[in-house]
Amino acid sequence: MSALTDDTLPTSPRAIRDEMIVFAAMAVLLGMVPATGIYPFFVMQALCFALLACAFNLLIGYGGLLSFGHAMFLGTAGYISAHALKVWGVTPELGILAGVVGAAALSVVTGFISIRRQGIYFSMITLALSQLLYFIYLQTPFTHGEDGIQGIPQGHLFGVFNLTNPTVLYYVVLAGFLGGFLLIYRTINSPFGEVLKAIRENEPRAISLGYKTDQYKLLAFILSGTIAGFAGSLKVFVAQNASLTDVHWTMSGEIVLMTLVGGLGTVFGPVVGAFVIIAMQQYLAGFGQWVTVIQGVIFVACVLTFRRGVIGEIAHYFRRTL
Amino acid sequence: MQALYAQLLVGLINGSFYALLSLGLAVIFGMLNIINFAHGALYMMGAFCAYFLLNVAGIGYWPALIIAPIVVGIFGMILERTMLQWLAGLDHLYGLLLTFGIALIVQGVFQNYFGSSGLPYAIPDELKGGMNLGFMFLPIYRGWVVVFSLVVCIATWYLIEKTRLGANLRAATENPTLVRAFGINVPRMITLTYGLGVGLAALAGVLSAPINQVRPLMGADLIIVVFAVVVIGGMGSIMGSIITGFALGVIEGLTKYFYPEASNTVVFVLMVLVLLVKPTGLTGRAA
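Residue numbers (this note's numbering), protein chains in the order written: chain A, 1 to 322; chain B, 323 to 609.
Just so you know, these hints were derived from the structure itself, not from any lab.
For each residue, glycine too, the CB sits at the ideal point set by N, CA and C.
Certain hints may be false.
What the hints assert, rightly or not - What follows is a set of in silico ranges between Cβ atoms, one per label pair, in the way DEER data are often shown:
| id | chain 1 | residue 1 | chain 2 | residue 2 | range |
| --- | --- | --- | --- | --- | --- |
| 1 | B | Ile573 | A | Thr91 | 37 to 47 Å |
| 2 | A | Gly37 | B | Tyr435 | 37 to 47 Å |
| 3 | B | Gln535 | A | Gly286 | 23 to 33 Å |
To be verified - According to the in silico footprint, chain B covers these stretches of chain A (three or more CB under 8 Å from chain B):
| id | stretch |
| --- | --- |
| 4 | 118 to 130 |
| 5 | 251 to 265 |
| 6 | 281 to 291 |
| 7 | 300 to 312 |
Next up, chain A with everything else stripped away, as it sits in the complex (with noise of 0.2 Å):
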């Protein structure tokens, strides 16, 4: 079997050297947003989305899992946030720390169930996983089925940080996805990173090494689902609402597409396939059901032509890791 990515180089002063010139330049650039008129609300999701794929590229890039279930995360983590905000009140933070909190404890469960499984199966658990939450969150009266959750409060983070102005709100989540963003970075060039990277290439030989494989992939699961219920909590305070749409199966495929066109296994790949998506379904959105053609389009041309990805064919060509 074939690795996914191939980028087995081990990781050199010169990669992380490269790495935090573009964190940094994509830093400022983000910054800048609010300056250029660009319409705030776009870029906001988009941020939550990058968040929600590098998360899952967590996993699948560094882990060798593919999760077609992270929706789970993204919508538990959304309605416990919008419920503790909406119906009990209370401050932002405390409504975002409802949602990680909840993401986690789901991550712990079903991480546990998947992980007993490899490779395709491990896909097919997290698929169904999630589709039971999702029959799940259709019945139970607190989501309120089709329509969902809706007028959310925005409120003050902190007590300080007014959250209905979107320039405020804007250099929150941002915040939020740089946060996020270093926390996986760090994770990925630690040394619980590394053993992770040898799991993907050859499991028996990590276990024959001594490593606990299944400790490490389910602390990894846990970690991604973690962060993805954190873009969660994120992206209600963005869209003020929470719906049945964000744990459907297709949410799942989407954070799959973008990480695949951004380029699997690479650091910034996740957010460049973020962006791309989103922009395209934006533009796109009055073409109805084409969306969803296009995309089955892009999957099947990234798949079979370029399988690299955005940043991943930038890599390759330049010979460095990104």
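Position chain B relative to chain A; hints supplied.
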């Protein structure tokens, strides 16, 4: 009691579809090492094929039962020749992603032209009406679906486990290089196998057309349940897929009677339980 028997029958019918679809998935996985995410979309194409045959060409149910699987099977073989074959040697996950893309394309195109509502397909005259069995009223068409699916499943099992062609197929699954050395055209066999698996899905689509109506998304949710069925049963054994498919259909039917709220989720819950107790699945070998 009437209601219980009726739900059992519905369960058996759903079980027939689970069995036909998971059987096709298992056959395809054995040869191509691909989980065919497009299986639900191809099932839907089978139903639409029957619908077009009737409404455009005036060809009825019985010929459709043969023509639709062949047409969709050929479509599948074209997919295999033009796309899937290039994935040989890559990680299994790429097959899943590619077929997911194909499913999105097929379902999206049909949704554009037919919306999301169901199109009716009449039960053929020969199978209209029902029989009173004393303890319940049996609509003939529903009985036919169960019996016919069972026959097709067992025929497929016989083809793969008991014939020379099946022996070649199983040998090619184990060691394609060696089988090629014996002068057997393995790539052609792979294409035909994919066509067979896809044909089974299309056949299930034709069978379900008069019961469930013809909808572009009829296969989208179904395929996820079938994945859970496959996880429970494991893909190592053909007979295992058939039995698991029917058994889960019946369990789902019973749940509809005793606790309807859980009927959507019972298969997934069972999957979780099986994973906790016997992670390799009921009949499967370790993945």
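Okay, the hints, checked on the actual structure:
The beta-carbon spacing between Ile573 of chain B and Thr91 of chain A, approximately 46 Å, falls within the hinted interval of 37 to 47 Å. Our hint of 37 to 47 Å for Gly37 of chain A and Tyr435 of chain B holds, since their Cβ atoms are close to 40 Å apart. For the pair Gln535 of chain B and Gly286 of chain A, the beta carbons lie near 29 Å from each other, so the given range of 23 to 33 Å is met. With 10 residues carrying a beta carbon less than 8 Å from a beta carbon of chain B, the stretch 118 to 130 of chain A meets the three-residue requirement, and the given coverage holds.
Coverage of the stretch 251 to 265 of chain A by chain B holds. Counting CB-CB distances below 8 Å, 3 residues qualify, and the rule asks for three or more. Look at the stretch 281 to 291 of chain A against chain B: 4 of its residues bring a Cβ nearer than 8 Å to a Cβ of that chain, three or more, so the hint holds. Residue count for the stretch 300 to 312 of chain A with a Cβ under 8 Å from a Cβ of chain B: 5. That meets the three needed, and the coverage hint holds.
Of the numbered hints stated above, none is contradicted by the structure.
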